Structure formats: C-alpha cells, structure tokens
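K.L.:
Work out the full structure, taking the sequences as your base and the hints as a guide.
Letter by letter, the chains look like this.
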Amino acid sequence: MANIVECNGLTKYYDSTCALNQVTLEIPENIGIVGLLGPNGSGKTTLIKLLTGLLTPSSGELKIADKAIGVETKAIVSYLSDAHSLNNDYTVMQQLEYFEDFFLDFDKTKALQMIRELGVDETKKIKTLSKGTKEKLALILTLSRNARLFILDEPIAGVDPAARDYILQTILSHKSENSTMIISTHLISEIEQYFDYILFLKEGRIVLQGETNAIKEREGKTIDELFREVFRWI
Amino acid sequence: MDLMEFDMPKTTPQPLPDSDYKEGKLRPVRGRVLKKLLKYEWKAMLPTLTISGIVLLALTLLMCIFVRVDLGAFGGEEYPATIAVGVILTILLYVYALIGVIVAPFIVACRRYEKNFFKDEGYLTFSIPASMEEHILAKHLSGMIAVLLAMAASLVSIVLLDTFSVTGDLDLGYIELDPIVPQHPVSVILGAIEDMILFAEGLVGAFAVSGALICWGQKFKKKSQMFWRVFIAYFVFIALETVFTLIGETGMTDFFYNTVAGEHVSTWLTILLYAGVIAFCVWYELRTLKKKLNLK
Chain E
1 MANIVECNGL TKYYDSTCAL NQVTLEIPEN IGIVGLLGPN GSGKTTLIKL
51 LTGLLTPSSG ELKIADKAIG VETKAIVSYL SDAHSLNNDY TVMQQLEYFE
101 DFFLDFDKTK ALQMIRELGV DETKKIKTLS KGTKEKLALI LTLSRNARLF
151 ILDEPIAGVD PAARDYILQT ILSHKSENST MIISTHLISE IEQYFDYILF
201 LKEGRIVLQG ETNAIKEREG KTIDELFREV FRWI
Chain Y
235 MDLMEFDMPK TTPQPLPDSD YKEGKLRPVR GRVLKKLLKY EWKAMLPTLT
285 ISGIVLLALT LLMCIFVRVD LGAFGGEEYP ATIAVGVILT ILLYVYALIG
335 VIVAPFIVAC RRYEKNFFKD EGYLTFSIPA SMEEHILAKH LSGMIAVLLA
385 MAASLVSIVL LDTFSVTGDL DLGYIELDPI VPQHPVSVIL GAIEDMILFA
435 EGLVGAFAVS GALICWGQKF KKKSQMFWRV FIAYFVFIAL ETVFTLIGET
485 GMTDFFYNTV AGEHVSTWLT ILLYAGVIAF CVWYELRTLK KKLNLK
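Chains as they are written, first to last, in the numbering used here: chain E, 1 to 234; chain Y, 235 to 530.
These are calculated hints, taken from the structure and not from any lab test. Relax, there's no trap hidden among the hints.
No farther apart than 25 angstroms at their CA atoms in a straight line, the calculated lysine to any residue pairs in the SDA-like style are these:
(1) K127/E <-> P281/Y
(2) K110/E <-> E100/E
(3) K131/E <-> D354/Y
(4) K108/E <-> I362/Y
(5) K526/Y <-> E203/E
(6) K273/Y <-> K353/Y
(7) K63/E <-> I362/Y
(8) K134/E <-> L112/E
(9) K526/Y <-> P57/E
(10) K63/E <-> L529/Y
(11) K524/Y <-> Y13/E
(12) K127/E <-> K353/Y
Label-pair distances were calculated between CB atoms; the ranges are:
(13) K125/E <-> G510/Y: 35 to 45 angstroms
(14) E229/E <-> F454/Y: 33 to 43 angstroms
(15) D15/E <-> L326/Y: 42 to 52 angstroms
(16) P281/Y <-> N178/E: 41 to 51 angstroms
(17) V470/Y <-> L118/E: 49 to 59 angstroms
(18) L118/E <-> F454/Y: 35 to 45 angstroms
(19) L118/E <-> D396/Y: 53 to 63 angstroms
(20) G41/E <-> R521/Y: 21 to 31 angstroms
(21) G210/E <-> K353/Y: 34 to 44 angstroms
All of these numbers come straight from a predicted model, not from anything done at the bench. We put the CB at the ideal spot given by N, CA and C, even for glycine.
P.N.:
Spelled out as structure tokens, the structure:
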C-alpha cells in the first residue's frame with residue numbers, strides 16, 4: 001500500500017527549542033482516521049504545520065503522496081486549523097465562492113446543503129456569526145473538499161459538548177473511504193473509538209504508532225488509558 | 235450517546251481520481267491562480283477606491299464652483315468672511331483628498347498584506363494551492379494598479395479644475411519646454427526615459443519596501459523591540475545622509491550635478507541602487523514567507 005505521508009528524520013527548531021526531533025513515520029493511504037495524540041507542546045501542531053506547508057523543516061524529508069510539500073500537495077490536502085482562519089469581512093456565500101475558486105475538489109452543493117442544515121444564513125457576514133458557528137462553518141468547508149488527505153487540528157477542543165457531538169458526527173458522516181484523515185487532539189476518550197491508526201507524540205518524538213486495534217489488543221488497554229500511562233509525568 | 239443517531243446527510247465524497255493528479259490534469263488550473271488571487275485583492279480594494287473617488291469627485295465639483303465664482307457679485311475684490319472660510323476649508327479638504335486618494339489604497343494594500351499573511355487568515359491563505367511568488371505578486375500588483383488609478387483620478391481632477399478656472403491662476407493649459415531641449419534633444423529623451431524608470435521604481439519600491447518591513451516586523455515578539463530597531467535604523471539613515479551631504483560640500487560630486495553627462499550617470503546610479511533595494515526587499519519577503527513563516 002502506498003503511503004500518503006512519509007517523513008524521514010524530520011526536525012524542526014524554533015530558535016534553540018527543538019519542537020520535532022528526528023521524526024520518521026509512514027502513514028498508509030486510505031487507512032481511515034489517524035489520531036495524532038500528545039499533550040500540549042508535544043509537537044502535534046508543528047507536525048501539522050509542516051504537513052500543510054505553513055512551516056519549513058529545519059532538516060529531514062517530508063512527503064505527501066510522494067511529493068515534496070508545495071503547491072501540488074496543497075491541492076490534495078484539506079486543512080482545518082485550530083485558529084479562526086476564515087475571512088471576517090466575507091459573507092458565508094463569499095467564503096464558499098473563495099473555496100470553490102481555489103480548491104478544484106471543493107463540492108459547493110454539499111457545502112451548501114450542510115450549511116443550510118446548520119441553519120446559517122448564507123448572506124450573513126462571517127464576523128456576525130458566533131464563535132461556535134464559525135468553527136462549524138470552517139469544518140463544513142474543510143470537509144466539503146474531496147481531498148486525499150484531511151488534517152484537522154484540535155477540532156473538538158474548546159467547544160461545548162453539543163458542538164463537539166455535531167463536529168464528530170459531521171466528521172464521521174463525511175469521511176470518505178478513499179481518503180485519510182489526521183485528527184490531532186488531546187481529548188482522546190471522546191474520539192478514540194473512531195481512530196483506525198494512532199500516533200503518540202512526546203517531546204517532539206514519535207513514541208508509539210500503529211493500528212488502533214492491534215495496539216489495544218497488545219497492550220490490553222484503551223487508547224485513553226495508554227495515553228495516561230505514557231504521559232503520566234508530563 | 236451514539237453519534238450515529240444524528241440525522242446527518244450521508245453523502246459519500248469521492249476524491250478526484252488519482253490519475254488526474256498523476257497525469258497532471260489538474261495543472262491547467264495553476265495558470266489561473268494568480269488571476270483568482272488578483273480578483274480577490276480587487277474585491278477588497280474596490281470599496282476604498284470607490285469611496286475615495288466619490289469624495290474626490292464631490293470636492294472637485296465644489297472647487298470647480300469656487301474657481302468660477304464671480305467676485306464682482308459680492309460687490310468687492312474679496313470674498314465675504316463666511317464664503318472665504320468655506321473656500322479655505324474646501325481647498326484644504328481638496329488637497330487632503332488628493333493625497334488621501336493615493337495613500338488610501340496603499341494603506342489598504344499594506345493592511346491586507348499583514349492580515350492575510352501574518353494573522354489567523356494566513357492559515358487559509360497559505361493552504362490554497364498557490365506559490366509564495368504568486369501571493370506576493372498578487373498583493374503588490376493589485377496595490378500598484380490601485381495607486382496608479384488613484385493618481386490618474388487626481389490628475390483628471392486637477393485638469394478639470396484647470397478647465398473650469400477663469401482666473402488663470404492654475405496655468406496648467408500648456409507645458410513650457412525646457413530651453414535645454416533644442417541643444418540636447420538626446421539628453422532630453424534619455425531624461426524622460428530615466429524619469430519613467432524612476433517613477434516605476436518608486437511605485438514598485440514603495441510596495442516592496444513596505445512588504446519587506448511588514449515581514450521584518452513579524453520577527454519581533456514585542457512591539458517595543460521593533461520600535462527601537464526602527465529608531466536605530468532611522469539614525470543610521472540620517473548619519474549616511476549627512477555623510478553624503480558633506481561629501482557633496484567638498485566638491486567631489488560636482489561632476490554629477492554640473493554636467494549633462496554627470497547628471498545622467500548619477501541618475502542611472504540611482505536607478506541601479508533602487509533596483510538593488512527592490513530586489514533585496516522581494517528576496518527578503520520570499521525568504522520570510524517561505525522559510526521563516528510562523529503563524530501563531
């Protein structure tokens with residue numbers, strides 16, 4: 001099976017601080033949902049920023065679908081950041097058109113359907129929406145692409161339980177079999193049942209990776225229990 | 235609670251066939267990315283241009299009325315006090331509008347540069363499949379065209395004012411040729427070319443230097459750090475300027491100011507210097523966005 005993500009000796013320094021240290025990993029294509037797990041400061045967001053081309057590695061090699069990070073990989077990666085990245089001055093419809101203009105794989109019909117189900121007025125400016133609605137809108141736009149790789153950075157952090165359920169449900173109902181989805185989170189118990197593959201990051205290093213069921217069987221623990229054990233002293 | 239209980243749409247997205255990427259079928263879109271980026275820059279710039287254009291037009295019309303006012307109608311050579319205050323205020327506003335109409339798109343372009351690249355919007359900006367070169371080019375090009383349009387609008391306004399003027403104060407009806415023209419026609423043509431290049435460099439340079447300064451500003455976690463460095467940079471600039479002035483006083487640079495050939499040489503040196511500054515600024519912008527970008 002081909003790999004959607006491949007890194008070899010990936011290292012990232014912020015000045016003298018090492019955020020990622022010699023990370024080597026392979027994520028097979030179409031493996032399903034990959035949980036990128038680790039406590040705050042473990043390097044999850046750094047790894048995601050490197051995958052999306054928002055950061056440049058200090059050293060090492062990184063490839064998506066066998067291509068070095070660049071314009072071509074951005075065309076096949078759908079990314080949801082943990083920041084509010086939508087343009088506040090646009091209306092919901094204008095933001096949709098922006099996605100349609102720049103992402104060839106964007107399915108506007110699907111996005112509109114989801115937005116209407118959410119009950120958002122498309123003529124409203126994004127700055128007038130509540131924080132929760134903005135997050136849901138960003139998720140809808142991200143999932144409305146038919147991308148090969150989805151990367152969601154902390155999609156359920158900082159939202160109320162009802163919004164969390166909505167987000168998880170939206171992710172699950174729109175997850176395609178022909179794509180891979182990387183979800184970074186530290187709220188493992190909420191979502192671990194949906195992970196097909198997990199990566200544990202600790203102090204910038206991969207300390208555990210593999211198929212979820214195999215790890216659970218081998219360790220005799222849930223992923224949440226395992227996480228608490230690995231990161232007990234952090 | 236089983237999440238699957240929610241009544242959600244069950245559409246199954248099908249990614250575009252792998253072969254489309256491998257065979258490069260998606261590549262033709264790349265050529266249009268710059269066009270699309272420019273479209274969004276224009277959309278953002280248009281309200282500012284429209285508003286400043288309307289304000290300038292209104293003030294131009296008002297000025298046109300004032301320049302045609304028949305002083306005799308007021309029974310004397312001076313305006314009545316109330317009219318005089320109105321005229322002075324309108325002239326002041328008009329001058330500000332002339333400056334503002336050119337400066338406004340420049341400020342909007344700089345604000346968008348920072349907001350789209352270095353604030354939270356940067357996450358979306360840099361996830362679209364466009365190269366850094368395309369991002370920078372779209373920003374600068376749209377800004378330059380907007381400033382050129384604003385300059386053209388200001389020029390039209392001044393010409394209109396001159397056309398309506400009955401007092402003859404504006405004297406824009408003709409261009410007096412420099413007496414040097416008959417003696418040095420080649421020099422005059424060369425001078426015109428030099429002026430055009432310097433104008434183009436000034437326009438490109440304004441955006442390139444601003445872009446580079448915004449990129450540089452992102453390096454500082456605290457605004458005070460940036461303030462002190464800008465302060466020091468200003469003093470270095472003043473010191474260099476003083477040194478050049480002192481050199482000029484010694485007469486070493488007379489060749490550049492007192493001969494026709496010298497003037498051209500000095501102009502071309504300036505052109506080269508500006509080109510170097512622009513090249514450095516663009517390189518710095520690209521380096522920052524490609525290698526040093528770190529959105530918080």
